[in-house]
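Sequences are here, hints too, so could you generate the full structure?
Sequence order for the protein chains is A and H. To convert, count from 1 in the first sequence and add 972; that's the numbering used here. To convert, count from 1 in the second sequence and add 5; that's the numbering used here.
Treat the hints with care, since some could be wrong.
[As the list claims (entries may be wrong)] Dumping the calculated DSS-like pairs for lysine-lysine here, alpha-carbon to alpha-carbon at most 30 Å: (1) H:K90 to H:K136; (2) A:K1059 to H:K51; (3) H:K143 to A:K1060; (4) H:K30 to H:K79; (5) A:K1060 to H:K150; (6) H:K153 to H:K90; (7) A:K1059 to H:K41; (8) A:K1079 to A:K1047; (9) H:K150 to H:K51; (10) H:K30 to A:K1059; (11) A:K1059 to H:K150; (12) H:K30 to A:K1060; (13) H:K41 to H:K30; (14) A:K1060 to H:K41; (15) H:K157 to H:K143.
Treat the hints as calculated values from the structure; they're not laboratory data. Keep in mind that this is a model prediction, so the values were computed, not measured.
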Amino acid sequence: MTLSEIVESLYCEVFTGNDQLHMRVEFGCASDLMSDVLAFSQAGALLLTGLVNNQTVQTAYIAEIKAIVFVRGKKPSREVILLAQEKKIPLFGTQYSMYEACGLLYKNGLVPTMACIPCKA
Amino acid sequence: MVSFQRWHVFHAKHKMDKAFSQSFKIQGGNIYDAGKASTGIKTILKQLGINAAVIRRVAIAAYEAEMNVVMYAKHATMTFEVTPKQINIIVEDEGPGIPDVSLAMQEGYSTATPEMREMGFGAGMGLPNIKRNSDSFKIESIVSKGIKLEIKININ
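Rendered as structure tokens:
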């Protein structure tokens, strides 16, 4: 999906990254725990999170996350937006819950990236 | 930022089998600056033209180590060194140390406060995450003095 399609699917507010909406992401991950993002995500993924501070952007930069969607109507501070601009990481916000946002993107073809723990059928 | 001169020196030294190194000071409790050392290391490694997958492993290990200093220690020095074969990160902090290192190496074990968890960390993943991204990982801890981490990541 392109970032533009993601913004449309989740009725996102664009906090920064209007010039990067043509970029494509092939997979997504979701967590409020940044250590899990560092441990289990893949480079180039979209991150959905409810954590809206500097560490979210620093983690995204470190883990090569392409863009961030803040869920549950959370809004980043000006300081967080400035850091994201410096690191060239687009920031979006949606009113959807994490569960709904993930479901919508999954339905639209965004596959998961986080390594899953094998479950017994 | 790495100047052209420094880049040039790295490559000249590279041929002579010597290393590029730089140190960062990390202040404990300074949440605002948390991540600056490791993002700085990442930027330098990009400019040195190191393989992206290797950079990601180095950056993740360095960032988790930096967050540990910010959350638990008074201050630390993070030194990173690039040799033709590997990248070494040494973090020496002054702080409470870890009484039981094997317990701290278990995923999920944590002594973090709610404030630390609000930053998205402190879930007992830090040291295991560092180890997971390292080719060699050593930890020495002296209670009430501090911790020394030695992380080595192969370039090839």
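Here is how each hint holds up against the structure:
Straight-line distance between C-alpha atoms of K90 of chain H and K136 of chain H comes to about 19 Å, which keeps the hinted pair within the 30 Å bound. With a C-alpha separation of about 13 Å, the suggested pairing of K1059 of chain A with K51 of chain H holds against the 30 Å cut-off. For the hint linking K143 of chain H to K1060 of chain A, the alpha-carbon distance of about 34 Å lies beyond 30 Å, and the restraint is violated. In summary, the hint linking K30 of chain H to K79 of chain H is supported, as the alpha carbons are separated by about 11 Å, within the 30 Å threshold.
At roughly 39 Å between alpha-carbon atoms, K1060 of chain A and K150 of chain H are farther apart than 30 Å, so this suggested pair is violated. Taken as a hint, the K153 of chain H and K90 of chain H pair is honoured in the structure, with Cα atoms around 22 Å apart against an allowance of 30 Å. Between K1059 of chain A and K41 of chain H, the direct Cα distance comes to roughly 12 Å. Compliance with the 30 Å bound is thereby established for this hinted pair. The suggested pairing of K1079 of chain A with K1047 of chain A holds, with an alpha-carbon distance near 25 Å, which does not exceed 30 Å.
Straight-line distance between C-alpha atoms of K150 of chain H and K51 of chain H comes to about 34 Å, which puts the hinted pair past the 30 Å bound. With a CA separation close to 21 Å, the supplied pair K30 of chain H and K1059 of chain A stays within the 30 Å bound. Annotation: proposed proximity of K1059 of chain A to K150 of chain H is violated, straight-line Cα distance about 36 Å (limit 30 Å). Between the alpha carbons of K30 of chain H and K1060 of chain A the distance comes to roughly 25 Å, so the proposed pair stays at or under 30 Å and holds.
Between K41 of chain H and K30 of chain H, the direct Cα distance comes to roughly 10 Å. Compliance with the 30 Å bound is thereby established for this hinted pair. In summary, the hint linking K1060 of chain A to K41 of chain H is supported, as the alpha carbons are separated by about 16 Å, within the 30 Å threshold. The straight-line distance between the Cα atoms of K157 of chain H and K143 of chain H is roughly 9 Å, inside the 30 Å bound, and the hint therefore holds.
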